[in-house]
Structures are given as C-alpha cells and as structure tokens.
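Peer 1: One-letter residues, chain by chain:
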Amino acid sequence: MTGCDVIGGCPTDYVAISVAIISFILLLLRSTLPFLIHKIPRPKGSSFWLPTIQIMGSFNLLLSLVMSLNVVRFHRRHWWQSCYIWAVWVNGPLGIGLLLSCRLIQAAHLYSVFIKKRLFPVRSYVSLPLALLPWVAWAGFLHITLPLNNRCHMGTQWAVPYMCFPVLYTAALVCITRAIHHIEFKFHELKDLWRGILVTVFSIGAWVVLYVLHETHEETMWLQVTTRCVLLVVASFLVVAFFSVSFSQPLVSAISLNKKESFNLKTMGEALGIHDSGLFSQDDPTLDANPNEPLDKLLLNKRFRLSFMEFADSCLAGESVHFYNEVQQLDKIPVNDPVKRIYMVRHIIEKYITTGAPMEVNISHKTRQEILTSPDLAHPNLFRNAANELLQLISMNLAKDYWSSVFFLKFKEESAMRNVDHELQQVNSWKNSPRLSSVHCPNDPFYQDHIPRDPPSHNGHGSCLV
Amino acid sequence: MLDTVVQNMGLLCSRHKRGNQATTEENDKAAEIERRIEQETKAEKHIQKLLLLGAGESGKSTIFKQIKLLFQTGFDERELQSYTSVIHANVYQTIKILHDGAKELALSDAGSSKYDLSIDNKEIGEKLSEIGGRLDYPRLTEELVQDILKIWSDPAIQETYARGNELQVPDCADYFMENLQRLSEANYIPTKEDVLHARVRTTGVVEIQFSPVGENKKSGEVYRLYDVGGQRNERRKWIHLFDGVTAVIFCAAISEYDQTLFEDENKNRIMETKELFEWVLKQKCFEKTSFMLFLNKFDIFEKKVSNVPLNVCEWFKDYQPVSTGKQEVEHAYEFVKKKFEELYYQNVTCDHQDRVFKIYRTTALDQKLVKKTFKLVDETLRRRNLFEAGLL
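The listed protein sequences correspond, in order, to chains A and B. Here the first sequence is numbered in UniProt numbering, starting from 1 and rising by one per residue. Here the second sequence is numbered in UniProt numbering, starting from 1 and rising by one per residue.
If you are wondering where the hints come from, they were derived from the structure by calculation, not from laboratory data. Quantities reported herein were computed from a predicted structural model and do not represent experimental measurements. Think of the CB as a built atom: it goes at the ideal place given N, C-alpha and C, for glycine as much as any other residue. The reader is advised that the hints may include incorrect statements.
[Claimed, not checked] Each pair of labels, with its calculated beta carbon distance range:
#	chain 1	residue 1	chain 2	residue 2	range
1	A	Leu213	B	Asn266	55 to 61 angstroms
2	B	Glu275	A	Pro129	26 to 32 angstroms
3	A	His38	B	Ile189	35 to 41 angstroms
4	A	Val420	B	Gly74	40 to 46 angstroms
5	B	Glu207	A	Pro294	24 to 30 angstroms
6	A	His38	B	Asn385	45 to 51 angstroms
7	A	Lys39	B	Asn385	39 to 45 angstroms
Go ahead and model the full structure; you've got the sequences and the hints to work with.
Peer 2: Below is the structure:
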C-alpha cells in the first residue's frame, strides 16, 4: 500500500491546498475590488491585459504545483494529466514564466518612459511572447528529451538549469530597477518593484532548497510530504505578494478601498498635486465673456472653461475640451520636473490619443503619429499641434452654438451675481488694505493663469506683486 | 423639447400658488398642463428620426446644410457672415497642406526636381505655411491673395495637387482657389454656394427639426435630422442615437476610391466605408429601419473615373472598363452601385425582409438634386408608414 507521500492526500497536503485556494481568492479580490467598489470602468489595452495575464499565470503556477507534486490523489490515466503538461509546460512558460515576463515588460515600459522618455516601441502582444520564448524553448527541449520519472521528478541535473531561468529573469529585473531607482515615482512603482524582486528572490531560494531536497530524497517519506507542502505555501505567498496595480493603473493604486475616506477617484492632475486642477473654488476669477474675443483666451479662464466643457459634453463633443483642459494642467508643471510631466503625458496619451482610447480626440493621422512616436515625452510642445487642431475644431464647430446655448446664459447669470458680491467685498476690503492685489495674488509661482481680470471698477491692479 | 415644456409648466405651477381661492384655478391649470403634455407626447411619436451616417468627409454635413436651406428658414446674413472665417481658414489650410506636401514629395522623390518650388516662391511658401499653422488666421488681404495665387500657380504645387489623393487635400480646394479674389473683398459675404463648399469636420451631434411640407405640421411629416462626425473617434458616440430611428441616410463618397483616411493614412476610404456600412447594417436596433444609401460626390467621380481607374481600390479590383467618355462614367457608376447592393444583400437576414433599401445618386452641392432626392426619400418613408399602419 503506497503511502500518502507517493500518491498524495496527506493531511498537510490538504492544508497546503487550502492555503493555495485562499491566496488565489485574495489575489482576485486585490485586483478587482477597487474597480468594483468605486465603479471604475474596465481599462483597455495593455493596462488591462498585463495584470490579467499575471493573474492567469499565478493560477497556472499554483495548479501546476498541485498536479505535478502529487499533492492530490488521482490516477494519471488521461493524457492531459501527464507529468509533462503540468510540471514542464504549465509550471514553466505558462506559470512562473508568465509572471516574470509580465513584470519584466512592465519594468521595461517604466524604463522606456521615464529614462528614455519615449513610449515603449514594441507592442505588448509582441513583446510578451518574445519574453516567453526562452521558457518555451526550454520546455520544448525537456519535452523532447523526456527526463521525468514516473513520480514527476526530473533529477538534479535538470532541475538546476531549470532554476536558472527565474534567476536570470530576476537578475534582469534587478538591473532595470537599479537603472530607474533614482526616479521619484509618485505611485509606489519602485516600492512594488523591489517588493516583487525580494519576494521572488526569497521564493526562488526557498524553492531551490525544497526542490532539491524533494528530488534527491525520494525515499524519505516525511521529507517528501513536508517539502511538498512548504513549496505550495511558498508559491501561494509569492503569487499574492507579487501582484501590484501601480504599473498599469497608477490612479487606482492611489485610492484607498475604504469608501468613506477616499475622494471619488481623483483626476491625474489632482493626484499629482497640480494646483487648481479640481472643481472651481470661490477664488476663481469671473469673466465678462465676449464672443468676439478669441476662444483660446476665453478658455484660459477656469469658470468659462468648465461652462464650455459642460456644453460640449451635452452635444457629445466633450473630449476635445477635456483634452485641452488637461493639456493646460500639463503646461502648469514646470519643465524641470520631468517625472510629473511624464506621468501627465502618459495619462493624456492613454486617455485621448491612442486609437480606441476612451475619450479619443479627432486629430489627423500625422499629428497622432507625431505624438506616439515622439522621441521626448517631456518636451513642452508635445501636444501643441494636437491642441491647435482641436481648438480650430472647437472654434469652427462648437463655439457658434455655445453663445446661443443655455449654458452660456447660465454662465452670464452666475458671473453677474458674483460680480455684485465681489464688488461689495472689494469695496469693503479697500477700506482695510490699499495693496489689494498682493493680498489676493497667490504665492505659488507656477500658478500662471491667475492674472485677475479686472472688473471695470478697479484701476489697473493687474499684475501680481510677488 | 419635452422637458423644457415640463420645466416651464413647473414654473407656471410654482408661481401661481394662491391658497384656497385658487384651488379650482389650480385644478384647471393642472388639467391644461396634463393635456399639453399628452399632446406633446403624441406629437413626439409622430416625429420621424433620421440619422445621417457615413465615414469622414462623405458629405453628411453638406446634406444637412442643404436640408436647412431647403426646408427651414435658410441662412440669414449673420449666419452667412459667420462662415467667412471658416472659408478663409479652408484657404490657408489648403495652401499649407499643398506646400508641406510638396516638401514631403520632394524628399521621397529625391531625384527629380518636380516638387521643388521656384526660388522666389519658396519664401512666400514658408510664410503661408507658417500662417496656416497658427490658431488665428489673418483676414485675406490683397497682398496675401497675390501670394497665394503665386504659390497656387507654381508648377511644383500643381504637380503636388495632381497627387492630392496621397495628401489630405479638401475637395473644396479648386473652388476656393478659383474664387479667391471674390473671397478677399472687404465687404465679402459668402454666397450659399460658398457656404456649401466650406469644409469643417463635425464633432459631436447636431440636430434640426423640419417638415418637408411648409410650416404647417399637420399636413406633413415632421422629421428630426441628426448630423454626426464621421471620423473613427466620433463613431462611438453614434450609439446614443440608435433608438427609434425611422431611416438611416448613409452617405458614401464614391469619388474617394483612391484616397486614404484623415485619421489613418494607411486605410483606403472606400474600404472603410464598406466596413462601416456593414457594421451599421448589422446593428440590432436597425432591424426595421429604412436605409437610404446616398452615393455622393458624383460630380468629382465623373471627372476622376477617366483619369484614375477604379481598380486602384481593392473592392473594385475586378472592374473592367468597356468604353470611354460619358458611357464609361455610367458604366463605372453602375458597377459601384451593384457592389453596394451586393454588400447590402449579403448582410440581410430573414429579420430584415421588410426593410426598405434605396440607393440614390447625389451631389450634395447641387440644391435641385438634393431637393429632388429628398422628396423621393420622403415619399418612400410615407409609403412605409402607411404600410406599417396597415393601410397599404
């Protein structure tokens, strides 16, 4: 009667399996809960696929360990239960290989965007298979040479080269992380990278030891059982600790899951701390909007911009105005802070420029390609052409209808009411302080557009006395 | 419209609360409001929804403008004036596209000097290109007009224009260049024809309501026409309009068989139109919707067919020219029409048996033709209504 160390089913095995199941559920919760709680729409493109593939890889890894280590009691009758499928293919290329390759590609993206200041030139659906190629080649080689015995053990002379792969990939990750560690990331990307590396190194270390023990002492019953159990537990721990959203969805990683304390998903401008990127405050200047003034001057005023945005949204043409708004926020970031600029640029490109983006704007092919293949993402004039094109579009298309719309009437009414209040306020404070404008001018040197438009009652307190 | 009515009714109600004495008054008013709301809802049901769909630059907005001219009050002087800046913008943009295009072609065609501007015109060209890249265009002065005409008559630019299908040259280029002197006059007010030629990409959705038989709503149908943008990013907004549509007017510019998209210079325009038409046909909400296919820009098609063979487009690669001149044009047109018909019937299932499908040859700039075409469309839709009501 073969003991449970050979065919599986020992009590520790069941403990290990439950740990694996719990950790996978935890992983799923971690990845989907922010989206469910805050009703964030599903992201598109590689920011959705890379994390999803990571989750699939984690699942494959755990499943392959369960099947190949004889943790569960079953008879290997069918071809799909064969050792090679699980221990070689699902474990290698489809399991740990996928996990490490995805993380490597994410790190490469970060390197490309923040150090080289260009978008990563290779699309993910090409770079991921490329990264997996060594794993696939090795698995193929194993499959041809057939070194596994009937207990799914491959022997030390095969196990050691097999371990080289995760070690190599982790080394590559370490190199890339070292190259980018001086960047001040805003959304814990570096922390997550180091955590991932640490967890992987620890797991690989533990793995090597346990695997070797497991393979070499095939006869010691208690050793087999313990190493098996510990291997599965270590893999479960790796899978949960390795996952992070900050690479693909930085804003999501910034919100807390506690509904009470999180502010409804911030915009990227707010998350980066760009002054004045939220909804308007009491201090925003009012504007005597005159249809004969050029639209770009009028749009500099925040209240007007927001009113115009509302109008554009109502005719389903809002994305141009939102784009213009976010480019304005980008312009407020100083040129000597390239990291913040690159975050904002990346956010704008993903939201407005890439084909199929959620708020894709109506620009020509040339302009789009210029942006997507730009050699310097931090360049101050990156979006100049696109903004000009769209402003042309807005002024020839929407502006005419705006002046005769309900939104403009509302804006005029509100301005009139605020002017009355403002004048009363000004009259009162005149009595208190003659240097009016210095009291009202904010000290932030980057707050460039707050040059107050003087209502007719003032006499030339136009410039800020800083 | 209905909710403004309701809002106004609400104001009416809140302003007239005057205690018990007014109770009967209130009741009367309430009854009146109920009656009006019912009337409006009934009237809404009689409003037929028409959608103008199609790829970018297929002529939807021109048809929209024509309908405004024909069945509404047309353009008043202020509105005509507002198009001046658009027309001037078109002129500057055309020159910029041609000038930059000439430079590009000169680079790719490194051997010949066909696309090199003459020395005196180079500077003018750069200046005009810079103006074309600005946000605010200067008014067309006499001097600028002279410069533009010099550039336009430069052989390099004419050669570039001949290869205009590889660039994004608007169709109105010819017309505006011919009329440039008139456009630059100090007291210039655009004519209806100028307004129809003016090119502006539509973004978002625009709607008008009109009745083809004068202002008296009772005797004619009331149509609500929606115009949309045709570029790819605009199409995701179409879905908001797809409910309860009486008829889809799909515009396909048949003269564009050798041109590429504005938003993707690797895709042929007719291929895009073909795919788009298929997509629209397959929509669930259009099972009972009538389809009017406008094969537009026939005037440009006529002129192009003799110079550029139809087979440059993949969809038309099995075209065999049989003769020349007018006969050839007709033959080519019939070929294209047949292709669209085949496409329609390929995408029809048994759910769509009763659906009306008609093809019309149009030139959106020709007012008489659009009027005639629309009358036919109107007749078809009325007949369809009677059929649905069981009276036919």
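Peer 1: A separate judgement is required for each hint: does it hold in the structure or not?
Peer 2: Now for the hints, and whether the structure bears them out:
no. : hint                                      : result
1   : Leu213/A <-> Asn266/B: 55 to 61 angstroms : holds (58 angstroms)
2   : Glu275/B <-> Pro129/A: 26 to 32 angstroms : holds (28 angstroms)
3   : His38/A <-> Ile189/B: 35 to 41 angstroms  : violated (54 angstroms)
4   : Val420/A <-> Gly74/B: 40 to 46 angstroms  : holds (41 angstroms)
5   : Glu207/B <-> Pro294/A: 24 to 30 angstroms : holds (28 angstroms)
6   : His38/A <-> Asn385/B: 45 to 51 angstroms  : holds (48 angstroms)
7   : Lys39/A <-> Asn385/B: 39 to 45 angstroms  : holds (42 angstroms)
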